[in-house]
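Peer 1: Protein chains in written order, with this note's numbering: chain A, 1 to 607; chain B, 1 to 173; chain C, 1 to 393.
Honestly, the hints are just simulated from the structure, not real lab data.
Please read these numbers as outputs of a predicted model, since none were measured by experiment.
Beta carbons are placed, not taken as given, at the ideal position from N, Cα and C, and that holds for glycine.
There could be a bad hint or two in this list.
Some but not every residue of chain B turned toward chain A, in silico, with C-beta under 7 Å [unchecked claim]:
1) S43
2) H56
3) P57
4) V58
5) E59
6) Y61
7) S62
DSSO-like, lysine-lysine: derived pairs with alpha carbons at most 30 Å apart [as the list claims (entries may be wrong)]:
8) K14/B with K507/A
9) K604/A with K37/B
10) K37/B with K182/A
11) K508/A with K19/B
12) K604/A with K19/B
13) K219/C with K18/C
14) K11/A with K215/C
15) K508/A with K496/A
16) K222/A with K515/A
17) K116/B with K182/A
18) K134/C with K18/C
19) K57/C with K102/C
20) K350/A with K579/A
21) K288/A with K515/A
22) K491/A with K521/A
23) K134/C with K14/B
24) K19/B with K130/C
25) K491/A with K514/A
26) K287/A with K481/A
27) K17/C with K134/C
28) K377/C with K77/A
29) K515/A with K14/B
30) K444/A with K508/A
31) K514/A with K14/B
32) K19/B with K129/C
33) K14/B with K182/A
34) K287/A with K521/A
35) K14/B with K508/A
36) K14/B with K604/A
37) K378/A with K221/A
38) K391/A with K221/A
39) K143/B with K252/C
40) K444/A with K288/A
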Amino acid sequence: MTLTIDGQEVKVPLGTTILDAARKIGAHIPTLCHHPDLCVAGVCRVCSVEVEGMRTLQAACAFPVSAPIKVKTHTEKVRLARRHIVDLLLSDHYGECYACRRNNNCELQSLAKEHGVDFFRFGHPEKPAHAIDTSSYSVVRDLNKCVLCRRCVRTCIDLQEVGTIEVVGRSDHSHIKPFLDKPLGGVVCINCGQCINRCPTGALHAQDHTDEVWAAIDDPKKHVVIQTAPSPRAAIGESFGLPAGTPLTFELNTALRRAGFDRVFDTNFTADLTILEEGTELLLRLKKALLLREPAAFPQFTSCSPGWVKYLEHFYPEYIPNLSTAKSPQQMFGAVLKTYYAEKHGIDPKDIVTVALMPCSAKKFECNRPEMADSGFKDVDYGLTTRELAKMIRESGINLPDMPKSDFDNPFGTATGSGVIFGATGGVMEAALRTVIELVCGIKVEDLFEHANIKPVRGFEGVRYVELPITAVGPVPDVLKHLFPHWNFLKGATLKVAVAHGTANAKKVMEDIKKGGQFSKCHFIEFMGCPGGCIGGGGQPIPTSPEIRAARAAAIYAEDAAYEIRKSHENPDVALIYKEFLTDGPCGHQSHELLHTHYTPRGKYID
Amino acid sequence: MLMTERDRVTGEIKSLADKLGHNRTSMVPILQDVKRKYHQIDSFAMQVIADELGIHPVEVYSVASFYSFLGEHIQGKFVIRLCRTISCDMQDKDRVARQLENDLGITFGETTADGKFTLEWANCMGMCDQGPAMLVNDRVFAKVTPERVHEILQECRSAFGQHATERKEVHLV
Amino acid sequence: MNTIPTFASMDPEAGLKKALGLSRPDIIAEISASGLKGRGGAGFPTAVKWNFAASAKADRKYIICNADEGEPGTFKDRVILQDHADLVFEGMTIAAKAVGAKEGILFLRGEYTYLRPHLEAVLAKRREKKLLGKDVLGANLEFDIRIFMGAGAYICGEETALIECLEGFRGEPRNRPPFPVNTGFLDRPSVVNNVETLAWAACILQQGADWFKSKGTEKSTGIKIFSISGDCKCPGVYEFPMGITVAELLSKVGGENARAVQIGGASGQCIPASEFSRSIAFEDIPTGGSVIVFGPHRDMLDVLHNFLEFFVDESCGQCTPCRLGNRKLLEGVEMLKAGTCSMAYLRELCALGESMQLSSKCGLGQSSPCAFLSVVKNFRDELMGRTTSLTHA
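Chain A extracted, bound-state conformation:
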């Protein structure tokens, strides 16, 4: 199909939208409600264009080409209509750009600039019409800035299938609201923050804890330590103008020290610890089922994504026994810092402030779970998003890309490639498989998968399923000898695993399990709450798109490939903690006290 856009011919497949056709030839059509991750809405009308022979303007994002039409993208009518639309949006958008956290990263602001808005043609609200909803630990709603593009609604209902928010009311009193207009903290919300990532304005943002963290840094009595997760390191460059997929791991270490953090640790340490604990838990379940012939909850589900965990607690509480009891790496780190680390370095744990740099808004909820205080203190004091930390770095006068590189602090300074790939969907599964294969089969992963890259679990396919036959078993390694006499019960078994990312895909897998389908036969399933896994987390720099997430994932896998140690069980710091502190080994009494948790069946009904 050939169509003409501004006199230029472009050939596209039948059904391509005018917008996509225009992008193909570099013709810019402004958009607002359109988002590459979401279905078409066609509601903002900013992308209006003129199609020859049609009386009205057409929304380029929603018009599929089925005839050789002639399109004009910036005629007088089009320019004026777009200008009017932007003017109307501004007449209903409270706030000044310089007092907004999305300043310079706001699509409405860009539109206003692009359309030469130099006064408020149809007025501008002088006072806010809505109270800001700060009830959630993770997501803040400010309806005064909402432009009703509905991207959050399509994210929450279509992309994530959580269904927290919808358009409520009609006409100019329609607003985006949770069920019964209750505060967000009181309804079914998994805190994934995907809505934030797709909000074009400052109407949705994450809770901000930077003031508290600054206060701790400024307090000389406090020992402020930060752990950084792999995904933010692969994305924070975007906040400093670098292209997606530019890892700044070691520049960040320097910047954090200069900003005032006393110690900078790598969350990968507890990611490796998680693999040992969660992997052992899986093996124990297998032992129970295959050796002891007792009932065991299969498949085992990963528990490191707090969005997924809360999703399960709400929608599938009957499957809580399947969730690994292992805490997430963030929470394990907090617990270890306020016990093992405090003891080892003679610091009073009450003076330690633990901060976590996470790609995630749900981590803010997770660290506030009442049960997350096994160290005797709040294990993790503050979870910061990538965006918040970028702000702190800018406030410190630091241009992150210019920083010299430096290593993480010790202890916990050694990381493995397995810890790094936790950031991408399939990464936890890959890390677990690397360890389980080696501990059980007594072979090298490299013997099965080239460079230990377990490619079948990688990628962005919504749900992935892999079978691994265990043809031979090796000797039980020392660290597990107290739990397993031998591996014979696994010989000849086929390990069935699956990976799902984004809760809509998780829902597909869970519904299949409920029906006794393919996935109910799995032994281990990795679930990530966010599309793409942590690299697409709700705390990451805005915008997001499939391309941006792919670039971040590529950075993570490249980092993994560059590590000398690539397997969690080979991490010497992990071995050391089992030797010095958690002396009864993985899934032993001490680790259960500190590194494992329990869950709350929440259900989906609310009062």
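Following the hints, complete the assembly by docking chains B and C onto the known chain A.
Peer 2: Quick look at chains B and C alone, frame taken from chain A:
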């Protein structure tokens, strides 16, 4: 057998969904039925409907909030809707409105304290040649005059009183 | 007293009987020859619509009768359904035969709930007489009709919004294309026709295309049912041939001294007395049949105020121009009434109205500024006389 109100609502919604289908196309008829029986669609009912139709409660809330005849707010046994659109407006609907307010002691958008009457504005109800027009539940009244308001309200009151003693729900049709 | 003599003169089975003896293309050809255009106001050729749906391939197709008559000043569908429901159902059955549909839905506005028992009774009788059911009149046609009640939303008169409501969603118009004739109710081909259109289709099958064409104009054939209200002696439902002039119409309803008439409802045009020689037809002043007469004493700004309050309340709110534009126009009218609107701002509002007509997602936002623009154009003197300052903008 004594059933709690919630069991009753759940049972009714379930059987209606069984009849109409457990999918979204049953949404509006179910909402209409619940509204007719209970004069409101409360939080619990919306969650049951969502469950039966396999969608999220907020979607039910969203749909209910869109339509003038639905919505979660509680209404009286008699919902009086006075047309405010042009032809009725030109035929002195304001005087009828004032008289309704006077006789009921409430303003538009409110429900009487005894839960009998709700007063609402309506947009054009297709009685433009016989305005001012108003609906009392499903029944239409044309050429309403301020004097007739009292008479219409009395009719409602007596209908309600009579059947209320028999513990039956009634509607003017 | 029957207000629609032509419908009253029809035999409410003859059209269907004739259609059952015809092939699908022949039925559509008959409708096509009649020149029948959608009577809801948009004026889309009925035969073209049927033909699209007939040629679409699908496991199921639907015939939907749009009885969500909500346009201010329109009530003819209520009268047709009250007095001639048989003709409407017959039209639906003929359409079903023409496009190959088994299921018909009458979408009845919630405000007309009181008509439902009567309509159900008519349907039951038709089933009894085998005019509906598994095998209509033994002619190997399966078709039945159910009634779906609207829930109070003017926008559901827009066909894709109506379908959204049927599917259990907010009545928010869809993007077009795709059109309902291809992707309609439950993504199946669906014909959505106005009550009156379907009644006329039944008449055309009965009396022939030539009979229908003998009335009206070349581009707007046939008779139209009008809803007349406002400042005239005899408001009510009338049938007039298409092409009737405004003046002729007014003389028949006792509204000769009108200063203006609103034709096509709130979303239509406001015609001043100086243009009463214009004719009501698709080629001049299109209409769904609503005529509201404004007598000499009416303040047109009050009228406009009422219309805009209506649109602000009834906009679905999804697209920016309609959601916020109507609000701005309403505020503009309030400013005009208060005498605080500058000429510059009024011009700005008119430009906004034109942008709304061009860029709104559906017919509501595209037509809601019409009244504003025509009142500003035709009654400018009255409006601007109230302007007391030029400070705004």
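Peer 1: Take the hints in turn and mark each one as holding or not.
Peer 2: Results of checking the hints against the structure:
{"no.": "1", "hint": "S43", "in the structure": "6 Å, holds"}
{"no.": "2", "hint": "H56", "in the structure": "3 Å, holds"}
{"no.": "3", "hint": "P57", "in the structure": "5 Å, holds"}
{"no.": "4", "hint": "V58", "in the structure": "4 Å, holds"}
{"no.": "5", "hint": "E59", "in the structure": "6 Å, holds"}
{"no.": "6", "hint": "Y61", "in the structure": "5 Å, holds"}
{"no.": "7", "hint": "S62", "in the structure": "4 Å, holds"}
{"no.": "8", "hint": "K14/B with K507/A", "in the structure": "23 Å, holds"}
{"no.": "9", "hint": "K604/A with K37/B", "in the structure": "25 Å, holds"}
{"no.": "10", "hint": "K37/B with K182/A", "in the structure": "25 Å, holds"}
{"no.": "11", "hint": "K508/A with K19/B", "in the structure": "27 Å, holds"}
{"no.": "12", "hint": "K604/A with K19/B", "in the structure": "25 Å, holds"}
{"no.": "13", "hint": "K219/C with K18/C", "in the structure": "26 Å, holds"}
{"no.": "14", "hint": "K11/A with K215/C", "in the structure": "48 Å, violated"}
{"no.": "15", "hint": "K508/A with K496/A", "in the structure": "17 Å, holds"}
{"no.": "16", "hint": "K222/A with K515/A", "in the structure": "52 Å, violated"}
{"no.": "17", "hint": "K116/B with K182/A", "in the structure": "28 Å, holds"}
{"no.": "18", "hint": "K134/C with K18/C", "in the structure": "19 Å, holds"}
{"no.": "19", "hint": "K57/C with K102/C", "in the structure": "14 Å, holds"}
{"no.": "20", "hint": "K350/A with K579/A", "in the structure": "25 Å, holds"}
{"no.": "21", "hint": "K288/A with K515/A", "in the structure": "24 Å, holds"}
{"no.": "22", "hint": "K491/A with K521/A", "in the structure": "18 Å, holds"}
{"no.": "23", "hint": "K134/C with K14/B", "in the structure": "29 Å, holds"}
{"no.": "24", "hint": "K19/B with K130/C", "in the structure": "25 Å, holds"}
{"no.": "25", "hint": "K491/A with K514/A", "in the structure": "28 Å, holds"}
{"no.": "26", "hint": "K287/A with K481/A", "in the structure": "13 Å, holds"}
{"no.": "27", "hint": "K17/C with K134/C", "in the structure": "16 Å, holds"}
{"no.": "28", "hint": "K377/C with K77/A", "in the structure": "20 Å, holds"}
{"no.": "29", "hint": "K515/A with K14/B", "in the structure": "22 Å, holds"}
{"no.": "30", "hint": "K444/A with K508/A", "in the structure": "34 Å, violated"}
{"no.": "31", "hint": "K514/A with K14/B", "in the structure": "21 Å, holds"}
{"no.": "32", "hint": "K19/B with K129/C", "in the structure": "26 Å, holds"}
{"no.": "33", "hint": "K14/B with K182/A", "in the structure": "26 Å, holds"}
{"no.": "34", "hint": "K287/A with K521/A", "in the structure": "16 Å, holds"}
{"no.": "35", "hint": "K14/B with K508/A", "in the structure": "24 Å, holds"}
{"no.": "36", "hint": "K14/B with K604/A", "in the structure": "18 Å, holds"}
{"no.": "37", "hint": "K378/A with K221/A", "in the structure": "18 Å, holds"}
{"no.": "38", "hint": "K391/A with K221/A", "in the structure": "24 Å, holds"}
{"no.": "39", "hint": "K143/B with K252/C", "in the structure": "22 Å, holds"}
{"no.": "40", "hint": "K444/A with K288/A", "in the structure": "26 Å, holds"}
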